[in-house]
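Please put together the full structure from these sequences, using the hints given.
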Amino acid sequence: MKIRNLIFPIVLALGASFANGQLLDPKKLLQQPTDTWPTYNGDYSARRFSTLKQINSGNVHGLSLAWVNRYGSGNGITIKSTPLLVNGVLYFTAPNHVWAADAHNGRELWHYQYRQNTGSTIGNRGVGIYGNWLFFEAPDSRLVSLDARTGKERWSVEIADPKLDYTSTVAPMIIGNHVVLGIGGDHIDNPGFVQSRDPETGALQWKWYTTPRNGEPGIETWPDEYASAHGTGQAWIPGAYDPELNLYYVGTGNPNPVMAEQSRKGDNLYTCSIVAINPDTGKMVWYYQVSPHEVHDWDASVPIILIDGVINGKPRKLLAQASRNGYYFLLDRATGEHLVTKPFIDTLNWTKGLNAKGQPIPDPAKYPAPDGRLVSPASGGATNWPAQTFSPDTGLLYVGTSRSYSMYYVTDTDDHPEGWAGLDAQAGTDGSALLALDYKTGNTTWKHEWPSGGGPSHMLSTAGNLLFTSNASNFIAFEPKTGKILWHAGLTGPMTAGPISYELEGKQYLTAAVGDMLYTFTVNQPNK
Amino acid sequence: MFRPTVFVAGVLALPLLAVSVWAQLPSTPGTKATIEASPAAIAGSKQDPDAVARGSILFKEKCGGCHGMTAKGTNKAPDLVRSVLVLDDEKGLLIGPVIRNGRPAKGMPKVGLSEPQIGDIVAWLHAQTFAADHRNTYLFLDALTGDAKKGEAYFNGTGGCAKCHSGTGDLKGIGGKFDAHDLQGRWLMPRGGRGGRGAAAKAPITATVTLPDGKKVEGVLERYDDFTISLKDAAGEYHSYSRNNGLPKVEVKDPAKAHTELLRKYTDEDIHNVTAYLASLK
Chain D
1 MKIRNLIFPI
11 VLALGASFAN
21 GQLLDPKKLL
31 QQPTDTWPTY
41 NGDYSARRFS
51 TLKQINSGNV
61 HGLSLAWVNR
71 YGSGNGITIK
81 STPLLVNGVL
91 YFTAPNHVWA
101 ADAHNGRELW
111 HYQYRQNTGS
121 TIGNRGVGIY
131 GNWLFFEAPD
141 SRLVSLDART
151 GKERWSVEIA
161 DPKLDYTSTV
171 APMIIGNHVV
181 LGIGGDHIDN
191 PGFVQSRDPE
201 TGALQWKWYT
211 TPRNGEPGIE
221 TWPDEYASAH
231 GTGQAWIPGA
241 YDPELNLYYV
251 GTGNPNPVMA
261 EQSRKGDNLY
271 TCSIVAINPD
281 TGKMVWYYQV
291 SPHEVHDWDA
301 SVPIILIDGV
311 INGKPRKLLA
321 QASRNGYYFL
331 LDRATGEHLV
341 TKPFIDTLNW
351 TKGLNAKGQP
361 IPDPAKYPAP
371 DGRLVSPASG
381 GATNWPAQTF
391 SPDTGLLYVG
401 TSRSYSMYYV
411 TDTDDHPEGW
421 AGLDAQAGTD
431 GSALLALDYK
441 TGNTTWKHEW
451 PSGGGPSHML
461 STAGNLLFTS
471 NASNFIAFEP
481 KTGKILWHAG
491 LTGPMTAGPI
501 SYELEGKQYL
511 TAAVGDMLYT
521 FTVNQPNK
Chain L
1 MFRPTVFVAG
11 VLALPLLAVS
21 VWAQLPSTPG
31 TKATIEASPA
41 AIAGSKQDPD
51 AVARGSILFK
61 EKCGGCHGMT
71 AKGTNKAPDL
81 VRSVLVLDDE
91 KGLLIGPVIR
101 NGRPAKGMPK
111 VGLSEPQIGD
121 IVAWLHAQTF
131 AADHRNTYLF
141 LDALTGDAKK
151 GEAYFNGTGG
161 CAKCHSGTGD
171 LKGIGGKFDA
181 HDLQGRWLMP
191 RGGRGGRGAA
201 AKAPITATVT
211 LPDGKKVEGV
221 LERYDDFTIS
231 LKDAAGEYHS
241 YSRNNGLPKV
251 EVKDPAKAHT
261 ELLRKYTDED
271 IHNVTAYLAS
281 LK
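As given, the protein sequences belong to chains D and L, one line each in that order. FYI, the working numbering numbers position 169 of the first sequence as 169, with every residue one higher than the one before it. FYI, the working numbering numbers position 174 of the second sequence as 174, with every residue one higher than the one before it.
Treat the hints as calculated values from the structure; they're not laboratory data. Be careful, since some hints might not be right.
From the derived model, a few chain D residues whose C-beta atoms are all more than 12 Å from chain L [what the hints assert, rightly or not]: (1) Lys28; (2) Lys317; (3) Arg403; (4) Lys484.
Simulated pairs of lysine-lysine, DSSO-like, Cα-Cα distance not exceeding 30 Å [what the hints assert, rightly or not]: (5) D/Lys447 - L/Lys216; (6) D/Lys484 - L/Lys150; (7) L/Lys257 - D/Lys447; (8) L/Lys216 - D/Lys366; (9) D/Lys342 - D/Lys366.
Selected chain L positions facing chain D (in silico; Cβ < 8 Å) [claimed, not checked]: (10) Asp50; (11) Val84; (12) Leu139; (13) Leu188; (14) Asp226; (15) Phe227; (16) Ser230; (17) Tyr238; (18) Asp268.
Glycine included, each C-beta is placed from N, C-alpha and C at the ideal position.
Shown next as structure tokens:
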């Protein structure tokens with residue numbers, strides 16, 4: 001009750017215009033929000049582009065700290081969640097923890113701690129919000145719903161067998177009355193799936209398996225149902241959604257056994273794929289596999305960005321992914337038609353070129369082996385899950401990249417390997433760069449080579465002619481057309497989640513998570 | 001322990017899954033078995049190592065004929081390492097009764113094991129599943145597949161290794177110090193890294209900073225990014241300068257740079273040959 005008394009005055013003071021007592025007006029999810037950041041990627045297009053321009057290339061030199069606050073207490077907590085911002089309150093997570101904080105000053109409004117459990121705490125990518133309800137994945141494979149006003153638990157439901165070592169890290173995505181979520185984990189040969197839950201009760205609405213069973217299309221890309229049913233392919237970050245087409249797009253992860261392929265000959269659909277799912281039925285409408293027969297741990301569970309663009313003079317509904325395997329892909333998102341494949345790092349050495357559908361053809365000579373095979377990129381990939389951004393003002397997609405190498409070893413030569421069945425050992429790096437890719441071609445328009453740090457770093461672009469990211473210890477603003485650095489400020493480490501921008505009472509802010517802290521910046525105005 | 005109802009449904013579904021998939025296993029899985037839980041995996045599984053050792057022998061003798069010598073299944077009986085029943089089990093509560101009574105309806109006989117023997121098999125199965133599940137406990141296989149003579153030629157020729165190293169000098173006896181896998185990791189990436197066995201390079205990275213007045217400051221690199229260059233000079237004094245638009249000019253010298261440059265050049269055969277050559281330097 002005490003907490004409730006503290007929060008309601010704040011919410012009321014903001015003059016929140018939520019009809020029927022709902023914190024988040026569902027319409028916000030269909031807009032280009034400025035006073036909210038209501039879903040993991042800011043909006044359904046997942047382009048992480050803010051239309052705000054109060055902070056812009058002309059005044060960014062005056063960008064300064066509004067507040068900083070620490071939410072952990074030396075307990076190893078890392079905030080890997082993009083905060084949501086609704087009615088002046090930030091909602092963010094770490095494994096087993098959810099916080100609400102006043103976006104004006106960082107003050108903690110409530111802190112929910114999940115019960116003790118033995119689940120993986122590798123990360124948690126945040127909450128989804130539906131009306132007054134928050135949803136997050138707990139490490140022991142449960143979906144928990146909280147009352148956003150109080151942090152009080154409403155219910156929790158099991159979303160996977162807690163003993164199978166899934167990693168429950170995914171930020172749920174709200175589409176209509178669906179709480180859509182994947183799950184992570186490829187330690188053992190788990191079935192992979194995306195599911196939808198009822199926001200009121202947590203009841204299962206549908207479950208789509210990422211690998212087919214007997215009688216289903218795609219089963220011919222596995223030796224048998226046994227291999228497919230244990231083929232994993234987890235969708236472990238949220239995707240994007242097109243309300244007009246009513247399609248949810250998500251990338252699936254690598255197949256299992258991860259580095260030994262002898263028991264899973266074939267393309268291994270629908271692992272390492274971009275899939276379009278009808279969120280009302282859970283049925284797959286189309287797919288495009290970016291890594292057929294993947295053996296290096298390069299999930300396609302990396303950002304997917306929806307772009308309304310022009311190709312050959314014709315307006316197209318597009319979908320772009322700069323994928324972990326080092327290739328940029330551009331697809332028609334209505335049909336899944338392939339348009340472009342282009343490598344974005346020049347150290348790639350694992351393919352024999354592209355097939356007619358633009359898919360990389362894996363070179364068997366570069367499959368992991370007992371004595372090791374030198375492959376670029378390393379298992380961490382040319383990029384990874386960190387936030388990428390697309391600016392409609394520049395037509396460029398910004399992605400943090402690494403030209404890393406690993407020796408890939410098979411450790412299990414059995415006809416029937418299990419788990420990872422291999423490992424990669426880093427063999428060096430050729431460097432890392434921030435790339436600005438032309439969405440139409442995948443060509444690099446400009447790049448910023450990092451003297452150190454960098455790699456797959458989190459990105460945000462804004463209509464203020466700014467691109468934000470971080471290196472190992474600085475928050476940095478770039479000029480998005482040219483790659484010129486305009487501003488920086490020291491942090492205690494790299495950003496650990498995607499930064500967001502929003503306005504409160506007409507003033508624009510930027511919030512970035514670093515370890516167990518949030519930093520918030522603004523351009524101060526003279527006192528009147 | 002409280003188990004929610006959904007969970008129970010998942011366990012009940014297991015026999016159906018097992019039946020539908022086990023008939024389609026390859027005909028001779030497990031025959032080239034190479035995986036036994038490593039000591040690290042046994043320790044991680046928190047099973048009694050003696051019980052695991054006894055269980056390993058017992059399993060192969062009593063169960064391996066049908067389930068395979070590593071419990072990964074054959075066309076006669078299912079894989080137990082991927083079995084939801086085994087993965088869900090705690091201390092034999094779920095799998096103990098199956099071992100004790102068999103599953104006559106599915107053709108699994110009652111083997112007639114004592115309770116301590118059942119306990120040993122349970123311990124071994126848990127060590128096996130833990131081993132598959134935890135890649136940091138995996139053991140590497142033989143990395144010594146190259147041709148030492150060709151490796152020596154590459155070392156002295158194309159590779160350019162002899163510009164800095166010598167088999168009779170700094171690398172003398174290196175083959176006796178590390179196993180082939182460790183050796184390969186160390187020479188490929190002498191400064192180490194995730195999964196690497198490096199940290200072999202002793203020579204530090206140095207940098208020279210040219211200040212606006214033309215003065216040069218040289219020392220061991222401490223930190224270098226777009227905004228700062230920091231180094232420690234020969235006298236041990238710390239110097240740090242702000243950087244803006246690439247100035248002041250910084251030149252970095254990494255003695256291990258040749259290793260990085262080779263990444264784009266060498267073949268896997270070159271790598272294995274060099275490892276074989278270095279391993280021969282006893």
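Hints, verified against the model:
1. Lys28: holds, 32 Å
2. Lys317: holds, 37 Å
3. Arg403: violated, 9 Å
4. Lys484: violated, 8 Å
5. D/Lys447 - L/Lys216: The hint holds at about 29 Å.
6. D/Lys484 - L/Lys150: violated, 48 Å
7. L/Lys257 - D/Lys447: holds, 22 Å
8. L/Lys216 - D/Lys366: violated, 45 Å
9. D/Lys342 - D/Lys366: holds, 20 Å
10. Asp50: Not OK, violated: L/Asp50 not within 8 Å of chain D, min 24 Å.
11. Val84: holds, 6 Å
12. Leu139: holds, 6 Å
13. Leu188: holds, 5 Å
14. Asp226: At 6 Å from the nearest chain D Cβ, L/Asp226 passes the 8 Å test, so the hint holds.
15. Phe227: holds, 6 Å
16. Ser230: Constraint on L/Ser230 not satisfied, violated at 11 Å.
17. Tyr238: Hint on L/Tyr238: violated, closest Cβ of chain D at ~17 Å, above 8 Å.
18. Asp268: OK, holds: L/Asp268 within 8 Å of chain D, min 5 Å.
The structure fails to meet hints 3, 4, 6, 8, 10, 16 and 17 from the earlier list, while all remaining hints are met.
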